[in-house]
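Build the full structure now, drawing on both the sequences and the hints.
Residue numbers (this note's numbering), protein chains in the order written: chain A, 2 to 306; chain B, 48 to 428; chain C, 154 to 442.
Take these hints with a grain of salt, some might be off.
[Stated by the list, open to error] Derived DSBU-like pairs: lysine-lysine, alpha-carbon spacing no greater than 30 Å straight-line: (1) K380/B / K332/B; (2) K167/B / K156/B; (3) K152/B / K187/C; (4) K121/B / K25/A; (5) K31/A / K62/B; (6) K437/C / K178/B; (7) K437/C / K135/A; (8) K215/B / K388/B; (9) K437/C / K149/B; (10) K346/B / K383/B; (11) K251/C / K25/A; (12) K121/B / K31/A; (13) K25/A / K68/B; (14) K298/B / K256/B; (15) K31/A / K251/C; (16) K178/B / K164/B; (17) K229/B / K201/B; (18) K201/B / K35/A; (19) K293/A / K211/A; (20) K256/B / K346/B; (21) K133/A / K187/C; (22) K320/B / K35/A.
No wet-lab data here; the hints were simulated from the structure.
Keep in mind the model is a prediction, meaning the values are calculated, not measured.
The lines below spell out each chain.
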Amino acid sequence: MSQSNDMALKSQNTISKEELLALKKEMNAKAFTKRRIRTGSRLVFNIIVAFIMLLPLLYAISIAFMPSGELFTTELNLVPKNPTVQNFIDAFTNVPLIRFILNSFIMAGSITIGQIITCALAAFAFSFLEFKGKGILFMVVMATMMVPGEATIISNYLTVGNLGMLDTYPVLIVPYLTSAMGIFLFRQFYMSFPMSLYESAKLDGCSNLKFIVRILIPLTKSAIGAMAVYTFINAWNMYMWPLLVTGSNDMRTVQIGISMLNSVDSQSITMMIAGVVIVIIPSISIFIVGQKQLIRGMFSGAVKG
Amino acid sequence: MSEIILRNVCKQFDKEHYAVKDFNLDIQDREFIIFVGPSGCGKSTTLRMIAGLEDISDGELWIDGELCNYYEPKDRGLSMVFQNYALYPNMTVYGNLAYALKIRKVPKKEIDERVHKVAKTLEIEHLLDRKPAALSGGQKQRVAIGSAIIRKPKAFLMDEPLSNLDAKLRAQMRVELAKLHKDLATTIIYVTHDQTEAMTLGTRIVVMKDGVVQQVEAPIQLYDNPANLFVAGFIGSPSMNFFDAYVEEEKGKTVLYLGDQSGSRKVYLKGEKAEIARARELHKKVILGIRPEDIYEQKDAEERGILEDTVGVEETITAREMLGAEVILYFDKKGKSHAVKLSPENQTQTGEKIRFYFDPSRIHIFDQGTEENIFYREEIR
Amino acid sequence: MNTEKKKKLNWTPYCYLIPCMLVFAVFLFYPFFKTIYLSLFLTDKMGQAKIFVGLENYIDLLTSESFRNSLKVTLIFVVIVVVGGMLLGLIAAVLCNKAFPGIRFFSTAYALPMAIASSSAAMIFQIMLHPTVGIVNKLLGLDINWLNDPDTALYCVAILTAWLNSGINFLYFSAGLGNIDETIYERASVDGASGVQQFFSLTLPGLSPIMFYTLVVNIIQAFQSFGQIKILTEGGPDEATNVIVYSIYRDAFFNYRFGSAAAQSVILFIIVMIITLIMFRIEKKGVSY
Chain A
2 MSQSNDMALK SQNTISKEEL LALKKEMNAK AFTKRRIRTG SRLVFNIIVA FIMLLPLLYA
62 ISIAFMPSGE LFTTELNLVP KNPTVQNFID AFTNVPLIRF ILNSFIMAGS ITIGQIITCA
122 LAAFAFSFLE FKGKGILFMV VMATMMVPGE ATIISNYLTV GNLGMLDTYP VLIVPYLTSA
182 MGIFLFRQFY MSFPMSLYES AKLDGCSNLK FIVRILIPLT KSAIGAMAVY TFINAWNMYM
242 WPLLVTGSND MRTVQIGISM LNSVDSQSIT MMIAGVVIVI IPSISIFIVG QKQLIRGMFS
302 GAVKG
Chain B
48 MSEIILRNVC KQFDKEHYAV KDFNLDIQDR EFIIFVGPSG CGKSTTLRMI AGLEDISDGE
108 LWIDGELCNY YEPKDRGLSM VFQNYALYPN MTVYGNLAYA LKIRKVPKKE IDERVHKVAK
168 TLEIEHLLDR KPAALSGGQK QRVAIGSAII RKPKAFLMDE PLSNLDAKLR AQMRVELAKL
228 HKDLATTIIY VTHDQTEAMT LGTRIVVMKD GVVQQVEAPI QLYDNPANLF VAGFIGSPSM
288 NFFDAYVEEE KGKTVLYLGD QSGSRKVYLK GEKAEIARAR ELHKKVILGI RPEDIYEQKD
348 AEERGILEDT VGVEETITAR EMLGAEVILY FDKKGKSHAV KLSPENQTQT GEKIRFYFDP
408 SRIHIFDQGT EENIFYREEI R
Chain C
154 MNTEKKKKLN WTPYCYLIPC MLVFAVFLFY PFFKTIYLSL FLTDKMGQAK IFVGLENYID
214 LLTSESFRNS LKVTLIFVVI VVVGGMLLGL IAAVLCNKAF PGIRFFSTAY ALPMAIASSS
274 AAMIFQIMLH PTVGIVNKLL GLDINWLNDP DTALYCVAIL TAWLNSGINF LYFSAGLGNI
334 DETIYERASV DGASGVQQFF SLTLPGLSPI MFYTLVVNII QAFQSFGQIK ILTEGGPDEA
394 TNVIVYSIYR DAFFNYRFGS AAAQSVILFI IVMIITLIMF RIEKKGVSY
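Take a look at the structure:
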């Protein structure tokens, strides 16, 4: 120990103990403030950017609580002076919002469940089973991702029109009961399991269906969670197809329903925004609850894949 | 000329937890210093503090007489080789080698010359156009070393650079690193958990445990003269055997009773060791340490003239490992496994009994409480 | 025995594909080919193919001023949406790259637009851009009728769409940043690279694989934007926002010219396909890892 002291002193000959101590104190303080500033500026930047990104939503919430008279001033009115829930009540009474929400839930829920089932089955076949034309079929499925929905929407509309299916639940749901992306996502997950998992289950006398239900589904909960969140949100937010195929209030989904509020006279802007806030709430809550799942199941995989 | 001095360097995570505590070391120019220890002992943290990748919570880091605690990593004049090589995946091998020079705005022509020179030294000239993803582990390793040496730094810091290679490549790279150290004539600070690397490469080894330096010594001194129980057990493979023992006096001689105080198995100490043991631990329980190669069978013990000093220990062999140049026999004692290294002519099989004799001059005695080697003497440099 | 086994191997796998293939067949393959078929005909108001006209629909489109305007508008729209959406996502992802207090809140905030429907967002923007009560005019002290001015309407709709797409881009870029090996930054800081140098020589190239993927997804998505245009501008003013998808919608469901609309769908598909193929070609050459 003593010899290392001597060594250190040798190189310290230009600096005294007190000076060193003072220097250390000063530099530590500097490093501390530097770190503070760094974290602080990061925080400030984030607050600014996040505020801009959230501005439309915050603004919508503010307007939704604003009495309609308050909106029509030339002065800057960011927050309601006399907050009211009247707009929400009006929105519910002016259009059958509850019915729209119910329709949307039925549609988005069915699509989500349906997609998970069909995609899981197909992905199972594509990753664990051997059959003729597997490669080509998979290519065909993947190629469908390139076809924009609008390229088929006219023919689809004519088809369901001819079948007399317009303005029913099935017409909202059935065309979306599968998705190439879902098949791809599940297959990515299944491929990460060794083939021996399937083979040993087979040896234990497990049927294919039993294998899927008992083994595959529990093992791919995160993929299913991600898929569910993503599919539900997209279905909830669907616009063009429901617009085309629904005609009556009984069948309209929320996205079409609230645009009906839009066509009413401009006096009811606040009511319309209240309606918008109401229909945003379900998709945002599902997103916030499922965000972790979504990122883990979908995006970490997408990058590697 | 580079001299790196660490004075009472600490890394503190919170009020009570230290990753590294009071690390003192002076590294002279051209030394090959090894930080070794089990995982989580703070060796990598120390290296990263020297590099500037971690803040130093307390203490001082001097590089060539300059206080470097608060220097940015780039201003410390060091270069580092990372465990996973940390090659830039988007650049070719050439780009990886040239990057540090490019950043420092070295003229293009000089960069080119130096890249080719380094590539030649490391025999990676034919790889210059490749991307890291197209390289094997050994090649990546060379590129990583190349991009460290190209800057002609004051010292190299290497964080377990060989741990991702397979055993054969590792042995090969070890030899090359030793050669490189000689050719470059620069200080290297090298972190590893592999004691073979530590023993073969280092001019001095720093053994760490729980953030505290246990011993700093040249490899052979470390092996022969471990400061405490931990160092003794950590360095050497198979590791040192430890037995409970009692220091007693018998007709003026200092004797160690093995296992219990009955005296059925004992070793007589001689010379200085006897005196120290008697002075410090008489009638006390101690831990006796002896390396596998310092235990002999009867024939060899006779030849070495140590037969009289030991009342042979008879043991039942539980496992036998034939390594070609030597054979290692294992026996169990109070739930602990012990190893003996003998010449391959020994034919004792598993389940058979054999008598062993300890070389008393090679015995270490550790204090039961402090776990210090009572024979340890700090080398005077 | 052998044949029996073979038969079994041959048929069960297809059963698992039936549900998805059935949906694809009825609602994707069949309409896809039917669209191509329709595009070669003049149709009646019920969408029945009546008179075979060959490529006339296409020729009419490509020579019509309105459709060429549509193409131009779509192109500008897509460029703004893709560049804007990706830039927003990238900025947010870089800001959230390192841990700091509140990171969870901010990352949720940045990803949030992906949960919002285009129609809802459009209605909010409609009020924000409202000439008298809108916050934009109030904050900027301007008096612009954003959505009724042919010079600004397209940009407004595009920026709205970029905002909507930024959420998912943020998630992609965050995942991409998370995949960059942390130690290369450490090596770079020892090598002497400053933060800015690190960003341009390590972060951006490190993001290039995901950047490419995101770019393709964004382009495809941008071409398909519909709800916000329907609600905010209905293709106007003066066709300034009449992107192809809206033009398809208008031709088919207002003018009942299904043949022409089908031809536009086919052209849209071809454009998307060509861009995708070109992108993949470029990727093979450029973004290698």
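Hints and how they fare:
no.	hint	result
1	K380/B / K332/B	17 Å, holds
2	K167/B / K156/B	17 Å, holds
3	K152/B / K187/C	63 Å, violated
4	K121/B / K25/A	20 Å, holds
5	K31/A / K62/B	21 Å, holds
6	K437/C / K178/B	15 Å, holds
7	K437/C / K135/A	25 Å, holds
8	K215/B / K388/B	24 Å, holds
9	K437/C / K149/B	28 Å, holds
10	K346/B / K383/B	26 Å, holds
11	K251/C / K25/A	28 Å, holds
12	K121/B / K31/A	19 Å, holds
13	K25/A / K68/B	18 Å, holds
14	K298/B / K256/B	41 Å, violated
15	K31/A / K251/C	21 Å, holds
16	K178/B / K164/B	19 Å, holds
17	K229/B / K201/B	15 Å, holds
18	K201/B / K35/A	27 Å, holds
19	K293/A / K211/A	29 Å, holds
20	K256/B / K346/B	40 Å, violated
21	K133/A / K187/C	28 Å, holds
22	K320/B / K35/A	57 Å, violated
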